[in-house]
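Student: Listed below, chain by chain, are the residues.
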Amino acid sequence: MKLDKIMIVDDSATSRMIIKRCFQMAGYQDSTFIEAEDGLKALSNLNRNAVDLVVTDLNMPKMDGATFIKKLRLIDKTKQLPVLIVSSMGNERLETELEDKDVMGILRKPLTPEKVTDVVGE
Amino acid sequence: MRLDIGIGEWKVSNKADDELKTYALGSCVAVCAYDPSNHVAGLIHIALPDSKVNSEKAKKLPGYFADTGLPKLFEDMVKKGADKKNIKVKLAGGSSIMDQNRHFDIGRRNTIAIKRYLWKNGFGVIKEDTGGNSSRTVGFKVADGAIVVSNAGSKWQL
Amino acid sequence: MREVTKEQAKAALLRATQNTLGEMAFIDVIEAEEQRDFETGQLLFIEFYKPVRGRLLLALPLEIKREIVENIHAADWDELSVNEIDDCLLELLNVLGGNFLRELEQKDVKVHLSFPTVLFSLEEIPDLDSFWKFSFDAEGNPFTTSLALHEEEA
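Residue numbers (the numbering used here), protein chains in the order written: chain A, 607 to 728; chain B, 41 to 198; chain C, 5 to 158.
Isolated chain A, as found in the complex:
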């Protein structure tokens, strides 16, 4: 999967660092990473920047991940943007709520390069 620009949305700087590193180790060492600490900041950033993939946490202050994804789908530019959820709270109900063809998957924390590879391929 070709991913030149990847946006990472998570309130924890440590988690953003781990996600970035896992993608780099899974083969995206030359991609550009854009970081946002909540859904609101991510939305305003996406207004200015086009990305190939959004990786988002769910449990965040200001705007949580589920609301953020719903908002993304209301905007023309990001309607079909691929989204990957990385969270410590993966659950079945949420998966059906987010049954959205452009949500590539819900990966459970701790994230590893192997989990990234499972979703995006070798």
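These are computed hints drawn from the structure, not numbers from a lab.
Some clues are possibly wrong.
Claimed, not checked - The list that follows gives simulated cross-link-like pairs (lysine-lysine, DSS-like), each with its CA atoms no further than 27 Å apart:
#1 B:Lys160 to A:Lys611
#2 A:Lys611 to B:Lys124
#3 B:Lys124 to A:Lys608
#4 A:Lys677 to C:Lys54
What the hints assert, rightly or not - Computed beta-carbon distance windows for the label pairs:
#5 B:Asp123 to C:Ser134: 37 to 43 Å
#6 B:Gly162 to A:Asp610: 42 to 48 Å
#7 B:Ser194 to A:Ile681: 46 to 52 Å
#8 B:His143 to C:Thr121: 31 to 37 Å
#9 C:Arg40 to B:Ser194: 42 to 48 Å
#10 B:Pro76 to C:Glu128: 49 to 55 Å
All C-beta atoms in this analysis are idealised placements derived from N, C-alpha and C, irrespective of residue type, glycine included.
Let chain A serve as the given structure and place chains B and C on it in line with the hints.
Tutor: Coordinates of chains B and C only, in the frame set by chain A:
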């Protein structure tokens, strides 16, 4: 050519018709590292996590321990033309076997120590087949990086 | 609320701790054979509301705190800011909390956790006596996790 790798040894090749092979892993772990752009493959058969338990042995056989063996493996891969930033790692082995005092699981501790070194040095494990109770044999083709893991009954791609 | 026994809670917490510290901080955790005293270098606290209500307290000696942070950040302690260190430990507890609840239920469930916090003293928890305390061993260093589960309010 088939290159056999014993416990505590490692081999690196950039010859397309070579296959790196190691047998009967048990709680040992085979670290298979590959640079797909330059077709350089390296395999090390690690027995224990930390050289602190026997520094004499680590001098003679650095590949026996994760902390002394892994730097050697990557050093040799770079010498044979690998680019560090392209290297991807797969792990096999690390069966669940308790230490002498039946205190901790050596296979799991090996796997964790290897991942610790790799993470700290910017190498990612993109696939693993570790844990459980089987004794694994690993074949690793230099041409395309394909890895086949087998045990008494069956074989599968990693 | 279904009854959770101390044994069930302990088993779930051990698996969650092994998974979280192993995969995230690359430290192997086992159950401690005996309770050993240590000087606490860090207290971390999180509350959870779903699928059960409770609180989890993690007490780490300085050696483990340092190793966790250095391993996750792949950096030396001296290179890291206080913010980076705190954020790292809080994220670890957040992941541990989610993993624990899933291990307790043995399946994917709707999980609701508070944002984790750093405590400065155990006195901040008035009813500490009501917690179950479990001793673990991180490659030779002792640490404890304490857990309180509460009846769901009607």
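Student: Evaluate the given range 42 to 48 Å for the C-beta pair formed by Gly162 of chain B and Asp610 of chain A.
Tutor: This hint is violated: roughly 21 Å between Cβ atoms.
Student: When you take the CB atoms of Asp123 of chain B and Ser134 of chain C, is the distance between them in 37 to 43 Å?
Tutor: 57 Å, violated
Student: Is Lys160 of chain B within 27 Å of Lys611 of chain A, Cα to Cα?
Tutor: The given pair, whose Cα atoms are some 24 Å apart, holds under the 27 Å limit.
Student: Has the hinted range 49 to 55 Å been met by the Cβ atoms of Pro76 of chain B and Glu128 of chain C?
Tutor: 52 Å, holds
Student: Given the proposed pairing of Lys611 of chain A with Lys124 of chain B, does the C-alpha separation stay at or below 27 Å?
Tutor: 22 Å, holds
Student: Lys124 of chain B and Lys608 of chain A were given as a pair; does the straight-line alpha-carbon distance stay at or below 27 Å?
Tutor: Holds. Lys124 of chain B to Lys608 of chain A sits at ~21 Å (cutoff 27 Å).
Student: Do the Cβ positions of Ser194 of chain B and Ile681 of chain A conform to the proposed distance bound of 46 to 52 Å?
Tutor: Hint holds: Cβ distance 50 Å, inside 46 to 52 Å.
Student: Quick check: does the Cβ-Cβ distance between Arg40 of chain C and Ser194 of chain B fall within 42 to 48 Å?
Tutor: At 44 Å between Cβs, range holds.
Student: Return holds or violated for the Cβ distance of His143 of chain B and Thr121 of chain C against the range 31 to 37 Å.
Tutor: 34 Å, holds
Student: Quickly compare the C-alpha distance for Lys677 of chain A and Lys54 of chain C to 27 Å and report which way the hint goes.
Tutor: 26 Å, holds
In summary, the structure is inconsistent with hints 5 and 6 from the numbered list given earlier, while agreeing with the others.
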